[in-house]
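J.: These protein sequence lines are chains A and B, in that order.
Counting from 1, one number per residue, gives the positions in the first sequence under the UniProt record's numbering.
Counting from 1, one number per residue, gives the positions in the second sequence under the UniProt record's numbering.
If you are wondering where the hints come from, they were derived from the structure by calculation, not from laboratory data.
Since the structure is predicted, the reported quantities are computational estimates derived from the model, not experimental observations.
In this text, a Cβ means the ideal position worked out from N, Cα and C, and glycines have one as well.
Any given hint might turn out to be false.
Far from chain A, by Cβ distances over 12 Å, these chain B residues were calculated [to be verified]:
{"no.": "1", "residue": "65"}
{"no.": "2", "residue": "76"}
{"no.": "3", "residue": "163"}
{"no.": "4", "residue": "210"}
Okay, the calculated bits of chain A under chain B, using three or more residues with CB under 8 Å as the criterion [as the list claims (entries may be wrong)]:
{"no.": "5", "stretch": "197 to 205"}
{"no.": "6", "stretch": "230 to 243"}
Interface residues of chain B toward chain A, partial, derived using beta-carbon atoms under 8 Å [stated by the list, open to error]:
{"no.": "7", "residue": "17"}
{"no.": "8", "residue": "104"}
{"no.": "9", "residue": "135"}
{"no.": "10", "residue": "143"}
{"no.": "11", "residue": "254"}
{"no.": "12", "residue": "260"}
Here's the letter readout for the chains.
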Amino acid sequence: MRRLSPFNLVSLALGLAFLYVPILILVVYSFNASRLVTVWGGFSTRWYVALMQDRALQEAALTSLGIALASATLATVLGTLAALALTRLGRFRGRLPFAAMIYAPLVMPEVITGLSLLLLFVAVGFERGAATVTIAHTTLTMCFVAVVVQSRLAGFDRSLEEAAQDLGCPPLRTFLTVTLPVIAPGIAAGFLLAFSLSLDDLVIASFTTGPGATTLPIRIYSEVRLGVKPEINAVCTIFIAVTAVVVILASLATRRAERREAVSS
Amino acid sequence: MPDVTDRRTSPGERLIVALPYLWLVAFFLVPFLIVGRISLSQTAIAQPPYTPVLDLSAGLSGIADFVRALSTETYGLIASDDLYLFSYLKSLQVALVSTAILLVIGLPIAHAMARAPARLQPLLVVAVMLPFWTSFLIRIYAWMTILQHDGLLNQALLALGLVDTPPVWLATDTAVIIGIVYSYLPFMVLPLYASLQKLDETLMEAAADLGCPRWKSFWLVTVPLILPGVGAGCLLCMIPIVGEFVIPDLLGSSETMMIGQTLWTEFFSNKDWPVASAIAVVLLVLLVGPIAGYEALQSRQIREGR
Numbered sequence: 001m002r003r004l005s006p007f008n009l010v011s012l013a014l015g016l017a018f019l020y021v022p023i024l025i026l027v028v029y030s031f032n033a034s035r036l037v038t039v040w041g042g043f044s045t046r047w048y049v050a051l052m053q054d055r056a057l058q059e060a061a062l063t064s065l066g067i068a069l070a071s072a073t074l075a076t077v078l079g080t081l082a083a084l085a086l087t088r089l090g091r092f093r094g095r096l097p098f099a100a101m102i103y104a105p106l107v108m109p110e111v112i113t114g115l116s117l118l119l120l121f122v123a124v125g126f127e128r129g130a131a132t133v134t135i136a137h138t139t140l141t142m143c144f145v146a147v148v149v150q151s152r153l154a155g156f157d158r159s160l161e162e163a164a165q166d167l168g169c170p171p172l173r174t175f176l177t178v179t180l181p182v183i184a185p186g187i188a189a190g191f192l193l194a195f196s197l198s199l200d201d202l203v204i205a206s207f208t209t210g211p212g213a214t215t216l217p218i219r220i221y222s223e224v225r226l227g228v229k230p231e232i233n234a235v236c237t238i239f240i241a242v243t244a245v246v247v248i249l250a251s252l253a254t255r256r257a258e259r260r261e262a263v264s265s
Numbered sequence: 001m002p003d004v005t006d007r008r009t010s011p012g013e014r015l016i017v018a019l020p021y022l023w024l025v026a027f028f029l030v031p032f033l034i035v036g037r038i039s040l041s042q043t044a045i046a047q048p049p050y051t052p053v054l055d056l057s058a059g060l061s062g063i064a065d066f067v068r069a070l071s072t073e074t075y076g077l078i079a080s081d082d083l084y085l086f087s088y089l090k091s092l093q094v095a096l097v098s099t100a101i102l103l104v105i106g107l108p109i110a111h112a113m114a115r116a117p118a119r120l121q122p123l124l125v126v127a128v129m130l131p132f133w134t135s136f137l138i139r140i141y142a143w144m145t146i147l148q149h150d151g152l153l154n155q156a157l158l159a160l161g162l163v164d165t166p167p168v169w170l171a172t173d174t175a176v177i178i179g180i181v182y183s184y185l186p187f188m189v190l191p192l193y194a195s196l197q198k199l200d201e202t203l204m205e206a207a208a209d210l211g212c213p214r215w216k217s218f219w220l221v222t223v224p225l226i227l228p229g230v231g232a233g234c235l236l237c238m239i240p241i242v243g244e245f246v247i248p249d250l251l252g253s254s255e256t257m258m259i260g261q262t263l264w265t266e267f268f269s270n271k272d273w274p275v276a277s278a279i280a281v282v283l284l285v286l287l288v289g290p291i292a293g294y295e296a297l298q299s300r301q302i303r304e305g306r
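The shape of chain B in the complex, shown without the other chains:
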């Protein structure tokens, strides 16, 4: 590859960078700063519903008043009320449990895909992707039908004689985890498949020739090699699951809320913008580590792809 680092950038090239760069600064970076600033405000019955509002027409004294009026009160509220702590812990618990289940279910599927005849593989990728293209909301709705009290799951369980009284599924954590595993499965399978597919099969054959049992060579040879794919898959699922709103809202109970629901309620029902912003800031701080890890894995993959 020719070295382009010391080449001077032409105006055209500068434009290529500038357009998407400015867009992301304006609509991705700046909004976060505003969230941070509003998390330091207090709720007010006004438009917009928070105080203080920066009054630039008052000049320097306006700015000084504004800065003096900022407070960390909302963070104190979040720290002192158990509701928020439980909400964060609940989200973390659901995310960890469902990511673990996703890995256990996803790995055999990805493994089988990678071992399928080369001709069939693109077809299998489309087959795994296709449900992801149909609306997210539709897939959760499908599970509402299946899991409701007189739904198909209970009908099947009763018909098979597995239960005497139909168990309650909807509004439980089990339902939320089923919905999450179902929705995120393609995001787990595809990164795993990508790394399994690149695997050099002669390594496994060499291990087998030397008398290594299959499960052991999988553990000793395959697993270390696909670890980046496992990491990417797990993070790609876990991070958004922590902030998930739709699935717990439709399948879960209203008593134990995940943090995405708490944020939603504070914003839409309680109209408390500062608290909603502070919840977002804390969530972001919790997720900064995993997000950075995901980015590192992504850029490594792209470098290796070249």
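Okay, chain A solo, but in the shape it has when bound:
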């Protein structure tokens, strides 16, 4: 039986503290009555009230949500297809450059991706705005979806598909009734990842956006550059709360699906 050594426990505790204390401080100070971000002036929700009057920020949030929803949907379709191509089609022609194009965006510095996409849009005369940001985010996030779905496909028992096909089930129907339910948790995780990456992105959006399409990170960044502000703490707290709830629900759903699978097999 393995046991955690004191060294293990200390590194785990310190590691988690390092990850969570800054976020915790941010959340606590969003309820600070004082305008000074570092002096505690009592509990207050005034910064949340101030947010409700900030139209520009709300518009930016809506723009971001729209782009995230559209790009995550597109990215999920394209990324799932890419994952299927990489795991199921063997060595088709052009597989190597295809795989390279899937993995490269994962580590490519954002300034390069952003600049190159902007130059493309300028070269073809595509007017910049929410649509170009959506295309840019789809390109980046479909690769993350592909990797997530691919790992789910790699651990998948292919004899199920073969059995269905031996019994005369056409390929498309096999995919929809056998493959899809099994890889669905991977696809859902990929969608969430794509959604949150899009919602989070500042650099690529700054390059590819145009007038009238200010996303939430661009808005927050322009405020933050001028210094620390309690309103921003409040925005961040809302953001953190929403993502925490979504991620925890998603991981619970995945675990339940996995447990069900473990029972049925």
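Place chain B on chain A using the hints.
T.: The following block gives chain B in isolation, referenced to the frame of chain A:
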């Protein structure tokens, strides 16, 4: 596994490949060619702000004029001005230092995660991942609050009597490295955890039974086996850090710029598209080796996973 290599691809399968393939060619590959082409141009006060512009209506002579007007002048500028050289070196230095720190901090955390009771492990993975899901910008902003002159770090240091005068944190390299280590920690911990978790523990037990001290068996048995995970983690962090923009911009000083900031300034402030493109091309050339290494590790991992 059945051999699918010699099977003929059906139209449906061709569509599966074609859609994502064409998308990536159009929006990932072609843009790089355009970056390369604009890096060979000169700045102009025009729309778009560079010259020459290919004029297809002039036919073949238009193309010939276009090709003659291309020049490598921007690359000469980058090579001759120390500003760019320092910027590249600075980025490399920050990336190497922070990747080393990430490895030193990440390894004990990943090791503890892999040794935790199996029931707890998925929970720990979520716990490490969760900060990554909250916005990147928010996490850097959190550190701005902590590191500012009258911030919580200095308050704590003064209260503990560790310093007499509050040290300056913001606008220093230390702040940039703290921000980078904080933001990239999940990217280091998770690949390390994945390879430590797959490790066969009986190997360590065998080493212990034969009288090998724990630190020595870790060095002689564990480390060689997790080397691919270490490589993947280090590259996954190091490559994007080299081009990092937001962290040095918000936490660093404006005097020593990392290359991502230099590119950003050339593009947005100086409106010099050709120089920004040339910086991107040089950066890409520098990173081609590490990126290829990362891809090799990735595809190996996926092959082994099957």
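J.: Compare the structure with the hints numbered earlier in the document and write down the numbers of the violated ones, lowest to highest.
T.: 8, 11
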